[in-house]
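Participant: Each chain, written out:
Number of protein chains: 2
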Amino acid sequence: MSEHDEYLIRPDPHDPRLTERVSGVDQTGAAIETLVTVERALTIYLNAQEIVTAMTIGDHPDYLAIGYLLNQNMLRPDDVVTEVEYHEDLAVVVVRTERATNYEQKLKKKVQTSGCAQGTVFGDLMEALEGVSLPTAEFRTSWLYALTHKINTTPSLYLEAGAIHGCVLAVKDRPLVYMEDVGRHNAVDKIAGWMFRNKVPAGDKIFYTTGRLTSEMVIKTVRMGIPVLVSRSGFTAWGVELARKANLTLIGRARGKRFVALAGLDRIVFDQDLAYVEDEGARHRRKAAVHDD
Amino acid sequence: MSEHDEYLIRPDPHDPRLTERVSGVDQTGAAIETLVTVERALTIYLNAQEIVTAMTIGDHPDYLAIGYLLNQNMLRPDDVVTEVEYHEDLAVVVVRTERATNYEQKLKKKVQTSGCAQGTVFGDLMEALEGVSLPTAEFRTSWLYALTHKINTTPSLYLEAGAIHGCVLAVKDRPLVYMEDVGRHNAVDKIAGWMFRNKVPAGDKIFYTTGRLTSEMVIKTVRMGIPVLVSRSGFTAWGVELARKANLTLIGRARGKRFVALAGLDRIVFDQDLAYVEDEGARHRRKAAVHDD
Chain A
10 MSEHDEYLIR PDPHDPRLTE RVSGVDQTGA AIETLVTVER ALTIYLNAQE IVTAMTIGDH
70 PDYLAIGYLL NQNMLRPDDV VTEVEYHEDL AVVVVRTERA TNYEQKLKKK VQTSGCAQGT
130 VFGDLMEALE GVSLPTAEFR TSWLYALTHK INTTPSLYLE AGAIHGCVLA VKDRPLVYME
190 DVGRHNAVDK IAGWMFRNKV PAGDKIFYTT GRLTSEMVIK TVRMGIPVLV SRSGFTAWGV
250 ELARKANLTL IGRARGKRFV ALAGLDRIVF DQDLAYVEDE GARHRRKAAV HDD
Chain B
10 MSEHDEYLIR PDPHDPRLTE RVSGVDQTGA AIETLVTVER ALTIYLNAQE IVTAMTIGDH
70 PDYLAIGYLL NQNMLRPDDV VTEVEYHEDL AVVVVRTERA TNYEQKLKKK VQTSGCAQGT
130 VFGDLMEALE GVSLPTAEFR TSWLYALTHK INTTPSLYLE AGAIHGCVLA VKDRPLVYME
190 DVGRHNAVDK IAGWMFRNKV PAGDKIFYTT GRLTSEMVIK TVRMGIPVLV SRSGFTAWGV
250 ELARKANLTL IGRARGKRFV ALAGLDRIVF DQDLAYVEDE GARHRRKAAV HDD
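As you go down the protein sequences, you meet chains A and B in turn. Quick note on numbering: the first sequence equals residues 10 to 302 in the working numbering. Quick note on numbering: the second sequence equals residues 10 to 302 in the working numbering.
Just chain A, same shape as in the assembly (with noise of 0.2 Å):
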């Protein structure tokens, strides 16, 4: 099988309903037309509670929806989801649980985060870091080599029109869910929540960001229990400091045979060859460049 149908989920570039073409001129004052990601609102209801308007791409709002309220502590691992309904034309989605909840306290003091900040409510972040213990994987480098390879050919929204973050869940050097999304805690959250879906369990895995390994990247990770979080992007000085107080193996600056490993050390096995690793191309350090904000 091609390598892109390990994928369960991954970007469909050619929906039309996430991206527009529109026209401009270029240097020279010619005309052009080009593809631009789009950027919709999106309004995200906890039972009969409106939590938070969010702007995204607008695919998987059910998972975009889930995967924001875990993080935000407003729905719990245990909590029983029964119903998402997605109202297309209100750009609406409403997530039903057993329990009843009510955040009006919790919706009123917001703290911003570094780096695509959602209004996280920092402290319960803070205090979710407490008491969460990584299992002792193994991380291969020649897993991370397979990856970032997959990752960078799959055909995506980034590689058709750039301005977008993507987020991959992988378990070994197989890719599973690529998500993309104009803010990159929504591609986060999008992978949460297919995960609480699924029930999939999150020792085993490992996370790719094309974002910086910030506080906020690093609170998440540990949050959703993922042992091992790898960029191509760079580190917050706090993001490393989180990352080893939970023992989070945490990879950056990742670009063809180059990485740099700050926390967690002990689960990276060496074991790939480096001559048989290509130095990143003239082509993805050109489309990097494009992975923005």
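Simulated from the structure, these hints should not be mistaken for lab results. Any given hint could turn out to be false.
Which copy? The list can't say, so a pair holds if one copy fits it or any two copies do.
Within a straight-line C-alpha distance of at most 20 Å, the following computed DMTMM-like cross-link-like pairs (lysine to aspartate or glutamate) qualify [claimed, not checked]:
| # | residue 1 | residue 2 |
| --- | --- | --- |
| 1 | 254 | 139 |
| 2 | 266 | 42 |
| 3 | 254 | 42 |
| 4 | 208 | 107 |
| 5 | 266 | 288 |
| 6 | 266 | 35 |
| 7 | 254 | 29 |
Please build the complex by placing chain B on the supplied structure of chain A, with the hints as guidance.
Facilitator: Same frame as chain A, but now just chain B:
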């Protein structure tokens, strides 16, 4: 004078408070030391009211606080700021105004925008676009190439440690203020705060960002009254639509020789002979990839 002396404010990559040296391993398993960007909490008060806690690198807390409040519509252009107190030990900044303020209601409803959302009250921001008319300024492509060259060669945290966003306020081909932050929205807000504090007219300015051209970025630029927005990164469809509505000149994917303009085209004067512009070198291409989130 050196071209970097043109700046009124530019990054101080050697400020020890802004980066941390951490140890880890590289792809060969060899021990390495690397610089990472700091990320710390700063709680912003407007008079007696706690508004938000931002994750920031922590430079220019006064400009960040004022700019944030302006961009949240909590501070009006005609408000008189009587005092800005920064308590470094408490990580608190308090903005005091002549006018009594109370945003209890506003703080209850938060809307999350893509690309570094800050819980902006989106409805208000949309209203803010109504009736705004940007000046019929001129934008020469020769300025664009001179500016991007200067910005790319200015010593910065981005070149030192990566994983950070930058915004530059410029006039013609002269960069005036270059702000960086782990949250792109913070870099924007610091420039807005600087403009407010120094009563800087906006109509002849150019705003450059490393981040994507999202609805949020367009709205903020229009609210600041700046007629030209430039990014090395890509567009979202809503960003383009809003820029056209507000007649903002929107230029993206500006790298080396290349750029794409999708709104406000009539301000652009194509005066640069492209034979004299270098294509972006591999070094900048690679570096650009660090501009994530």
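Participant: Confirm or reject each hint.
Facilitator: We went through each hint and held it up to the structure:
Only within a single protomer do residue 254 and residue 139 lie at most 20 Å apart by alpha-carbon distance; the minimum there is 9 Å, versus 48 Å between protomers. Taking the shortest alpha-carbon separations for residue 266 and residue 42, only the inter-copy value of 18 Å comes in at or below 20 Å, while the best intra-copy value is 35 Å. For the homomeric pair residue 254 and residue 42, the shortest alpha-carbon distance between copies (19 Å) is at most 20 Å, but the shortest distance inside one copy (49 Å) is not. Only within a single protomer do residue 208 and residue 107 lie at most 20 Å apart by alpha-carbon distance; the minimum there is 17 Å, versus 55 Å between protomers.
In this assembly of identical chains, residue 266 and residue 288 lie within 20 Å of each other by CA distance solely inside one copy; the values are 5 Å within and 25 Å between copies. For the identical chains of this complex, residue 266 and residue 35 are inter-copy neighbours only, at 10 Å across copies versus 34 Å inside a copy, given an alpha-carbon limit of 20 Å. Taking the closest pair of Cα atoms, residue 254 and residue 29 come within 20 Å of each other only across two copies (17 Å); inside a single copy the shortest separation is 43 Å, beyond that limit.
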